[in-house]
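Engineer: Generate the whole structure from the sequences, applying the supplied hints.
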Amino acid sequence: MPGEKTSQKSEERAVSRRNFLKHTGTIILVAGNSWLLPVSGMAADSKTDPGIPASDGYLLVDLKKCQGCASCMLACSLVHEGAASLSLSRIQIIQNSFEHFPRDIAIGQCRQCVAPACVEACPEDAITADKRFGNVRMIDLKKCIGCGACAEACPYIPSRSHLAPHESFGGQNKARKCDLCSRAPFHWDAAGGGPEGKQACVAVCPVGAIRMTRKIPTQKGDAGYQVNLRDGNWKRLGYQDS
Amino acid sequence: MNGYAGRILRVDLSTRKITHIPTKKYEPWGGGHGMGSAIFFDLVKDKTIDGFDPGNVVTIMTSPLTGTLVPAAAGRTEVQGIGVQSHPIGWFTRSNFGGRFSAMLKFAGWDGIVIEGKADRPVWLDIRNDKVAIQDAGPLWGRDTRETQQKIWGLVTGGQDSGDWMDPGPGETRESTTQKPAVLTIGPAGENLSRLACLIHDAGNAAGQGGFGAVWGSKNLKAISVIGTGAIKVHDPKGLMAARLWQKAHYAFDLEHLKTTGGSFDFQSPPVPITMWRGGRPRNDQRPQACLGCHSGCRGRYDDAAGNEVSCFPSVFYWDAKSLDIQRRASDLLNRHGLNAVELIYGLLYLTLMNRFGLLTRSGIPDCPLDFSDLGSLEFVEQFLKMMTFGDDGKGGQSAFGRDVSQGFVRAAEKWGCLGSDLATGILMFPYWGLPIHKEPRAQVYWGYGTILGDRDINEHDLDWIKWDASLAKVYGRPPILPAAEVVKVVTDKMVPYQGDTRMLDFSESNIYSEHMAKLVSWHRYYTRFWKQSLLFCDTRWPDFVNLYAPDKIGSTGEAEPKFFNAVTGNNFSFLDGINLGRKIWNLDQAIWTLQGRHRDMVHFADFIYTKKGIHVDLPEAYMPGMEDGVWDYYNYTPRTLDRKKFDEFKTIFYRLQGWDPESGYPTRATLDSLGLGYVAAELDKKGKLGRPGT
Numbered sequence: 131m132p133g134e135k136t137s138q139k140s141e142e143r144a145v146s147r148r149n150f151l152k153h154t155g156t157i158i159l160v161a162g163n164s165w166l167l168p169v170s171g172m173a174a175d176s177k178t179d180p181g182i183p184a185s186d187g188y189l190l191v192d193l194k195k196c197q198g199c200a201s202c203m204l205a206c207s208l209v210h211e212g213a214a215s216l217s218l219s220r221i222q223i224i225q226n227s228f229e230h231f232p233r234d235i236a237i238g239q240c241r242q243c244v245a246p247a248c249v250e251a252c253p254e255d256a257i258t259a260d261k262r263f264g265n266v267r268m269i270d271l272k273k274c275i276g277c278g279a280c281a282e283a284c285p286y287i288p289s290r291s292h293l294a295p296h297e298s299f300g301g302q303n304k305a306r307k308c309d310l311c312s313r314a315p316f317h318w319d320a321a322g323g324g325p326e327g328k329q330a331c332v333a334v335c336p337v338g339a340i341r342m343t344r345k346i347p348t349q350k351g352d353a354g355y356q357v358n359l360r361d362g363n364w365k366r367l368g369y370q371d372s
Numbered sequence: 003m004n005g006y007a008g009r010i011l012r013v014d015l016s017t018r019k020i021t022h023i024p025t026k027k028y029e030p031w032g033g034g035h036g037m038g039s040a041i042f043f044d045l046v047k048d049k050t051i052d053g054f055d056p057g058n059v060v061t062i063m064t065s066p067l068t069g070t071l072v073p074a075a076a077g078r079t080e081v082q083g084i085g086v087q088s089h090p091i092g093w094f095t096r097s098n099f100g101g102r103f104s105a106m107l108k109f110a111g112w113d114g115i116v117i118e119g120k121a122d123r124p125v126w127l128d129i130r131n132d133k134v135a136i137q138d139a140g141p142l143w144g145r146d147t148r149e150t151q152q153k154i155w156g157l158v159t160g161g162q163d164s165g166d167w168m169d170p171g172p173g174e175t176r177e178s179t180t181q182k183p184a185v186l187t188i189g190p191a192g193e194n195l196s197r198l199a200c201l202i203h204d205a206g207n208a209a210g211q212g213g214f215g216a217v218w219g220s221k222n223l224k225a226i227s228v229i230g231t232g233a234i235k236v237h238d239p240k241g242l243m244a245a246r247l248w249q250k251a252h253y254a255f256d257l258e259h260l261k262t263t264g265g266s267f268d269f270q271s272p273p274v275p276i277t278m279w280r281g282g283r284p285r286n287d288q289r290p291q292a293c294l295g296c297h298s299g300c301r302g303r304y305d306d307a308a309g310n311e312v313s314c315f316p317s318v319f320y321w322d323a324k325s326l327d328i329q330r331r332a333s334d335l336l337n338r339h340g341l342n343a344v345e346l347i348y349g350l351l352y353l354t355l356m357n358r359f360g361l362l363t364r365s366g367i368p369d370c371p372l373d374f375s376d377l378g379s380l381e382f383v384e385q386f387l388k389m390m391t392f393g394d395d396g397k398g399g400q401s402a403f404g405r406d407v408s409q410g411f412v413r414a415a416e417k418w419g420c421l422g423s424d425l426a427t428g429i430l431m432f433p434y435w436g437l438p439i440h441k442e443p444r445a446q447v448y449w450g451y452g453t454i455l456g457d458r459d460i461n462e463h464d465l466d467w468i469k470w471d472a473s474l475a476k477v478y479g480r481p482p483i484l485p486a487a488e489v490v491k492v493v494t495d496k497m498v499p500y501q502g503d504t505r506m507l508d509f510s511e512s513n514i515y516s517e518h519m520a521k522l523v524s525w526h527r528y529y530t531r532f533w534k535q536s537l538l539f540c541d542t543r544w545p546d547f548v549n550l551y552a553p554d555k556i557g558s559t560g561e562a563e564p565k566f567f568n569a570v571t572g573n574n575f576s577f578l579d580g581i582n583l584g585r586k587i588w589n590l591d592q593a594i595w596t597l598q599g600r601h602r603d604m605v606h607f608a609d610f611i612y613t614k615k616g617i618h619v620d621l622p623e624a625y626m627p628g629m630e631d632g633v634w635d636y637y638n639y640t641p642r643t644l645d646r647k648k649f650d651e652f653k654t655i656f657y658r659l660q661g662w663d664p665e666s667g668y669p670t671r672a673t674l675d676s677l678g679l680g681y682v683a684a685e686l687d688k689k690g691k692l693g694r695p696g697t
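Sequences listed follow chains A and B, in order.
Counted from 1, the first sequence has number 228 at position 98 by our numbering; the numbering is strictly sequential.
Counted from 1, the second sequence has number 621 at position 619 by our numbering; the numbering is strictly sequential.
Hint data in this document are derived by calculation from the structure and do not stem from the laboratory.
Beta carbons: idealized from backbone N, C-alpha and C, even for Gly.
Among the hints, erroneous ones may be present.
[As the list claims (entries may be wrong)] Each computed DSS-like pair below joins lysine-lysine, with the alpha-carbon atoms no more than 30 Å apart:
(1) LYS250/B with LYS365/A
(2) LYS565/B with LYS304/A
(3) LYS555/B with LYS365/A
(4) LYS261/A with LYS273/A
(5) LYS273/A with LYS476/B
(6) LYS614/B with LYS565/B
(7) LYS328/A with LYS261/B
(8) LYS345/A with LYS250/B
(9) LYS653/B with LYS328/A
(10) LYS365/A with LYS476/B
(11) LYS261/B with LYS324/B
(12) LYS272/A with LYS521/B
(13) LYS328/A with LYS250/B
(14) LYS476/B with LYS49/B
(15) LYS365/A with LYS324/B
(16) LYS304/A with LYS614/B
(17) LYS521/B with LYS491/B
(18) LYS365/A with LYS614/B
(19) LYS153/B with LYS328/A
(20) LYS240/B with LYS261/A
[What the hints assert, rightly or not] Beyond 12 Å from chain B on every Cβ pair, some chain A residues (computed):
(21) ILE182
(22) GLY212
(23) ARG233
(24) GLY238
(25) GLU250
(26) ILE275
(27) ASN303
(28) GLU326
(29) ARG344
(30) GLY351
(31) GLY354
Structural biologist: Here is the structure:
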């Protein structure tokens, strides 16, 4: 079921699956760098690396409230890439029309992990906790070489970092991940994004199933990030608020 | 090309040739229906062929807005071709469906699909970005719509776990996707050429009208699957995002300040499933579920997964069900078989009434295999659906009765020799083109007129809310949203170029055959042909005429549609430009129907519309605005008949307003030339079907 997939992947999957070679082709042959392959058992709830400050902002989602319209995905790609796309979205909504509620929808939002595996895995230090934007874990596209190590390291399915060709870089593969709209070239609001500003997915969600919080969510398991955002108003529409 | 993918896929199933048409060639038509009609006109030389002829061309079109953030305009797909459901002629017709298919098609790099010919054996179309393959559907044939889609998901994703990043296969792009393929499929009904067969996508999206399921079945086309990883360029991304948020803030429901708590057919409705199961709204734990990009979902998904994504007519189906649970399962079975809800609702009603009044045993009618003492049970509806699907007794045995009704109830009655009498009494509630009633033609005249002057039940709810609000106001003793005098002004003010004529919404007896009414019907055709069926603004949420959240309750229609269209495409299109293009498309459609054999003498309702008073199918009393003795109010116009002679005169008024020859209803050269349709006039002329000059 999609809902179960947003938890940590198993050790076997971490080691056996891998498509990043498919994307990068020759990257392994770029000599010299002793970058670590993802180590099995690397967990997102490991102790804070004192060198990586925690993010000021986190996206929380309500899986029961979501109406599966994927407006968040379209808004995300629109403000980041200037085009509507599901593949370029930094938040992923995965559905099965025939499945039982609430297992019919899974939401994969970046958790801005306290111990970010993607930051640690990047061989080029292209992903950092960017202090200009509240320590949101952000990709410097100029430094990114499209190797996919961040995607491989992400403990969640689907990986919250993913590769796709980038128009501004001649179609070269670059990683994409949620930056809480810190650097969205097509942001609609003069005040912009980031933890201090507005996120496209939060703003566009018709039912308020996504919220940004400044409080660090519990890192272990899903309960910190999959929350109840339903209230009496939701109940008035005939839905359950628990 | 902003908004467009740039290419239209063209598949010839006979030769298995896969080519494409540049979208630019048809861009002047906007998208959706306009493109579909134009492509059909160009590709089908002999417009008199039957829908089952391999020469029938089916178009499946998106719009520049689908797959973008335009609210309630991002998810629909328009299907067109020669239908097999209407009678006596299967008109060139349309149906559309929601969900995520059109967006996925755009992301794959296609603005639409054109299907020609007939495959020599069952096939399915496998679209993965720019890679298109015709696959063997042998293992899929016979499966219901749910099984088929699940099977195709597995085939395309290679059995990969759901929700992980997947590369859909070699092609020009290298993005991956977490999404399942979007599949449009027929069920066993289409395979068995039931004229009532439809196309199904996901759990509950359906192109229900026209019998396209059977058309696909006749082409040996089981399903079309598409997975796309690309992006749709938008002219003004910031502007589109800002417009979306502005529309949300000013015209959409507000959870903190809800003005209504039920689902309704308008922009401001909160996301509540519009289901009409007789047991009421299921108390199961559930969510609202929306088509891609929609700001307010109109259907739901439930903790027992029964009736997922069902709304409207599929939930009205089997209203004799003994329990809510049975009725919900019946909706699912209907979708899994892939059958048209509305024909089955009124068809089953016909059989039930015949049984009750001892009319099933009239001579000429074969033995009916159904046991009406069991009406209401799950077993009864399972048998009924199988009968309609396989044309048998519903239990695997032969049945002339089953064979006849699976081709539609009007055709069955005609075969049995009771069509005339049953349309006279009205026991067979199929008032136009052999199609079932929807809304009351005698009260909501614009609905019946639009239908009889077109190809099918219009199913366009643009003005229906006026009747609902006024009628429920009477029932519950509350004031209507607006008094009649105001509502007619607010609404007709938006009906460019006819704005200012409030009599367009005067449903009094003295006005329903007037030029005012002809203008209403005309405007309605033009608006829906372009804005709703070509650009694919969804009928459940658009137009936004009257909005409870807006100042003076004046909705955003007229401003919102062009604003979104221009933000996506970079055009400088006005609302009126769209109305005018809608008129052009309507003229093209009329030309096609004319070539198919339409003449004004065919355009008449079934007898019971003229001889029996209206009973209304939504409510026992339907209040509509009217001016009586100079006073605007809402009056109950249900219990009246239409006047045959006056309706005939109305046709003359309508044809004149269109610039068509009133003697025949044929478009004239002058009108077609003025619309840039000189090539259409040439073809009509060759067939001797051009309207007389100077008429």
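Engineer: Each of the hints needs a verdict: does it hold here or not?
Structural biologist: Comparing the hints with the structure gives:
1. Annotation: proposed proximity of LYS250/B to LYS365/A holds, straight-line Cα distance about 21 Å (limit 30 Å).
2. Using a Cα cut-off of 30 Å, the hinted pair LYS565/B and LYS304/A is violated, with the two alpha carbons roughly 34 Å apart.
3. For a cut-off of 30 Å, the pair hint linking LYS555/B to LYS365/A stands: about 26 Å separates their Cα positions.
4. Our distance criterion of 30 Å between C-alpha atoms is met by LYS261/A and LYS273/A, whose separation comes to about 17 Å.
5. Taken as a hint, the LYS273/A and LYS476/B pair is broken in the structure, with Cα atoms around 68 Å apart against an allowance of 30 Å.
6. Taken as a hint, the LYS614/B and LYS565/B pair is broken in the structure, with Cα atoms around 46 Å apart against an allowance of 30 Å.
7. Distance check on the hinted pair: LYS328/A and LYS261/B sit about 27 Å apart at the alpha-carbon level, within 30 Å; holds.
8. With a C-alpha separation of about 28 Å, the suggested pair LYS345/A and LYS250/B falls inside the 30 Å cut-off, and the hint holds.
9. Taking the CA atoms of LYS653/B and LYS328/A, the gap is about 56 Å. The hint is violated against a cut of 30 Å.
10. Between LYS365/A and LYS476/B the CA atoms are separated by roughly 28 Å; this keeps the pair inside 30 Å, and the hint holds.
11. Distance check on the hinted pair: LYS261/B and LYS324/B sit about 34 Å apart at the alpha-carbon level, beyond 30 Å; violated.
12. Our distance criterion of 30 Å between C-alpha atoms is broken by LYS272/A and LYS521/B, whose separation comes to about 60 Å.
13. Taking the CA atoms of LYS328/A and LYS250/B, the gap is near 16 Å; set against the 30 Å cutoff, the hint holds.
14. Proximity of LYS476/B to LYS49/B is assessed by CA-CA distance (about 48 Å); at most 30 Å being required, the pair is judged violated.
15. Distance restraint check for LYS365/A and LYS324/B: the Cα-Cα separation of roughly 28 Å lies within the 30 Å cut-off, and the hinted pair is therefore satisfied.
16. At most 30 Å may separate the alpha-carbon atoms for a hinted pair to count; LYS304/A and LYS614/B exceed this at roughly 69 Å.
17. Between LYS521/B and LYS491/B the alpha-carbon distance is near 15 Å, which keeps this suggested pair within the 30 Å criterion.
18. Restraint check for LYS365/A and LYS614/B: not satisfied, since their Cα atoms lie roughly 45 Å apart, outside the 30 Å limit.
19. For the hint pairing LYS153/B with LYS328/A, the CA-to-CA distance comes to about 41 Å; that exceeds 30 Å, so the pair is violated.
20. The hinted pair formed by LYS240/B and LYS261/A meets the criterion: a straight-line CA distance of about 26 Å does not exceed 30 Å.
21. Under the 12 Å C-beta cut-off, the non-interface status given to ILE182/A relative to chain B holds; the minimum distance is some 25 Å.
22. The claim that GLY212/A lies off the interface is violated: its Cβ sits roughly 4 Å from the closest Cβ of chain B, which falls inside the 12 Å cut-off.
23. The Cβ of ARG233/A does not lie farther than 12 Å from every Cβ of chain B; its closest approach is about 9 Å, which violates its non-interface assignment.
24. Under the 12 Å C-beta cut-off, the non-interface status given to GLY238/A relative to chain B is violated; the minimum distance is some 7 Å.
25. Once the 12 Å rule is applied to beta carbons, GLU250/A is consistent with being away from chain B; the minimum gap is 20 Å.
26. For ILE275/A, the condition that its CB be more than 12 Å from all CB atoms of chain B holds, with the nearest at approximately 15 Å.
27. Look at ASN303/A: its CB is around 7 Å from the nearest CB on chain B, not clear of 12 Å, so calling it non-interface is violated.
28. Residue-level check passed: GLU326/A sits 18 Å from the nearest beta carbon of chain B, beyond 12 Å.
29. The Cβ of ARG344/A sits about 22 Å from the closest Cβ of chain B, beyond the 12 Å cut-off, so the non-interface label holds.
30. No beta-carbon of chain B comes within 12 Å of the beta-carbon of GLY351/A; the shortest separation is about 18 Å.
31. Distance check for GLY354/A against chain B: the nearest CB is about 20 Å away, which clears 12 Å, and the non-interface claim stands.
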